[in-house]
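Undergrad: Take a look at the letters that make up each chain.
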Amino acid sequence: MTSPIRRTALARLLLATALAASVGGFAGPAAAAEDTPIVVARNMDVNSLDPARGFCDTCQIYLTAVYDTLLTLGDDNKTLVPKLATSWEANDDQTAFTFHIAPNATFADGSPVTSEDVAWTLQRLKNIKGDPSFLMDSLASIETPDDKTVVIHTSEPNSEFLGILAASYTGIINKKLAEANGATAGEDAATADQADTWFFANSAGGGAYELDSYRTGDELRLKANPNYWDKKPAISEVIIKQVEDAVTQAQMLQTGDADIAMQIDPDTAATISDPEIVVDTVPSFNFLYIAVSPGAKGNSVPLTKPVREAIADAIDYEGMIDFTVGGKGKLQPVAIPNGFPGTDDLPMPKQDLDKAKSLLAEAGLSDGFTIEAHYPAVNAYGVDISLMMQKVQQDLSRVNISLNLTPTTFAVWREEVGGDGIPMTAVYYAPDYFGSAQYVQYFSMIPGQPWAKRAGVGKVEDLGNGEKEAELLKKAMASSGDAMVGAYHDIALQMIDDKVIIPLVSPDLVLASRKGIEGVRYSACCNLALGQLSRD
Amino acid sequence: MTRTLIRRILMMPFLVLGIVTVAFMLSQITRGDPLAALIGERQMGNPTIVAAAKAKWGLDRSLPERYAIYLGNLVQGDMGTSFRTRQPVASDLSRRLPATLELVVAAVLIGGVTGVFLGVLAAKYRDTIVDTVVRLLALTGSSVPMFWLGLLVLFIFSVRLGILPGPGRLDTRTAAPEFVTGFFTIDSLLAGQFAKFREALAHLVLPASVLGWTVTGIVARLVRASMIDVMSQDFVLAARAKGAGAWRVLLNHGLRNALIPTLTILGFTFAYLITGAVLTETIFSWPGIGSYAVDAARSLDYPAIIGVTIVGGFAFLIANLLTDIAYAIVDPRVRTGGA
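Chains as they are written, first to last, in full-length UniProt numbering: chain A, 1 to 536; chain B, 1 to 339.
The calculated label-pair distances, taken between Cβ atoms and stated as ranges, are:
(1) Ala361/A <-> Ile156/B: 56 to 66 Å
(2) Thr140/B <-> Asp45/A: 30 to 40 Å
(3) Arg215/A <-> Gly18/B: 28 to 38 Å
(4) Asp45/A <-> Asp78/B: 24 to 34 Å
(5) Ala201/A <-> Gly77/B: 19 to 29 Å
(6) Ala270/A <-> Phe147/B: 12 to 22 Å
(7) Gly368/A <-> Arg135/B: 47 to 57 Å
(8) Ala195/B <-> Arg535/A: 21 to 31 Å
(9) Ala201/A <-> Thr181/B: 18 to 28 Å
(10) Phe147/B <-> Ser358/A: 39 to 49 Å
(11) Ala195/B <-> Asn104/A: 37 to 47 Å
(12) Phe147/B <-> Asp497/A: 40 to 50 Å
(13) Glu187/A <-> Arg7/B: 50 to 60 Å
Because the hints were derived from the structure by calculation, they are not lab data. Where is the CB? At the ideal position from N, CA and C, for every residue including glycine.
Build out the structure end to end from the sequences listed, making use of the hints.
TA: So, in structure tokens, the structure goes:
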């Protein structure tokens, strides 16, 4: 028997269908209102909307909009400028950092941002043991002498700590609100904190925007924070729309369904001729690299320093940029992005086939050898890694090195790289904040660091310059200004000499937007600052 | 027939248990590290973070323990939490399934109706220009790559001509109607939002047509072949001898018999598309089950993979059941248990 409720619903449905059919044909997109929402089309990679757990490019955009940090990066992508902290000081040995919080800073619910919120947020980030927790590795203790002053002590000198505090993952959370919804900052936060799900539907920040709604794999809606304490955002609503394909992103820009797209590859961008679309190509801080691991079990010959150097010399770097991104990219000498501290005046990589052949002959390998290359078959920053590796294969064949290519999924790749190791692989990297230490702590041959372990430091003798790099890193972390930059420059030279991580290309970033959208800017800390967007 | 249907319905829980068990075991023996979806690459070498993630997500337990816990939770409607989206799988599926169903129903309707129509035409005008055109359409429908076709129709109808909307279930700036069924067309009507209804309907046209064209291709060829076969049977000759008109013979005798294999194909196509419409969903930014399944498989998101497998398996079971019922309606021999 049909229930009365179902009958009513059915009747409403039939009536509504008839009415709708009589109203007219298919309507196009609604006419532009004065305050039309801005739509950003992108392939979202959101793993969490909790600042202590999220770790992705879209997370950076979202967190920057919703959670203010103590500091942020200026338009030059280098200078730290005030945000929640109006002023700050560091002691001489870079172990104590004092911040003075803006007296008028408030959260979206109107409550003031206090030193207690700052201390709780940073302790939680450390203790939750999530992806961005490494940013707080050196955090030792936090003092809150008054409501608006925070003193942070690190366990060792850390000249990059101020830069880290501009990373979107350090955005300050409203402690009271988050705690009421299952968040905790205690030492057992990794298991005791139950707020991950709550953060998918709510926000607890004091940024220019608040979370309106999030539908996984569909859209993320942000609404302007009516109580924003700083310069109010010009746009009342921003929608980040899930669009996986770059061509579809470009089409949506052309139809007006999207206002901004930042993941269009240079080839697709070249096909856009619509005068209503502004395409700006800017250098990025992202890069793709190959890694050679002498300690991997699958090596057919010892990958000694001369052999690794021969591999690096055999690659046609200029040709690689043309082949992978149609010339829209930059050479990168070391596994630290161009423009980061210490990267000025480094020797650029170049192909030298004669030198490569001579090095292989000295190593007794003039007849060549075979090397296994396993890599994740993904497209990163507009570069198809499989295509990139085909170019590497072609280049190495010119010095009789035969490359066996095995594309795989990320899950399998991770198992291999963390297990027996991979003789040669290819991956990509993007910055989490502006600073070079994160790269040294990941790519150098300092014993214990991720790539040092994967390459075989400790298993293979004389692998890389880890000791020198460790010494220089200590120096860089304890100094500031030119001394710090000089130390990073010296580390970069050592990392180039390791010949383990070989950067291939730093692809340019295509910033495409509809005419009249202002403030579309690529940021090293925050990706895209939604709070700066406006319409003409 | 009724007894057969009841037996089939009673068998369903056991079949679902089989599907769950096979899906669970397969996902556990697949190569790859499920932590890839849980922690970033940088943290893979950090034993504290790896241990914390394993403990939180139950990956430190033995396989039988995990299986028992999963089954226990499943009985209570808890399909676990997705490693990737960090949301309950049941909640992810309940949001995405209606999107896929709305698309697939429209596609199967479009594909089924046009396929039958073209198949009948081709059979009627066998070996004429009409037949050649229909066969060409059917061939392209089955062989043109979906992603290429999707991008092409978007470019023509949305970008160039501007007569149909672009990707998505609604215009990008339009908020979804209040959730009742998850079908935007139905929910917008229930809410009395007629403009939103037209928008949802317009957004269905291109993806459903692209997806439906594949169905058209399959159905048209099948109907054509079946009808040509049926039309050469003695009972058709007898009908003609009794003076029945050409169209009446074609539709009442030919089509009715040709519909039996067509229903089977439509049923299985429907079930297949529930999880297999991934390319259409990707190109048209349609947040459905197909794209969810692919993302889950890429990242070894076990709970999501098993959840999607259950939905897919269930779809096949239901499709099978409905096909049997449809058989009974179309073919009296099935209804009466005759040969």
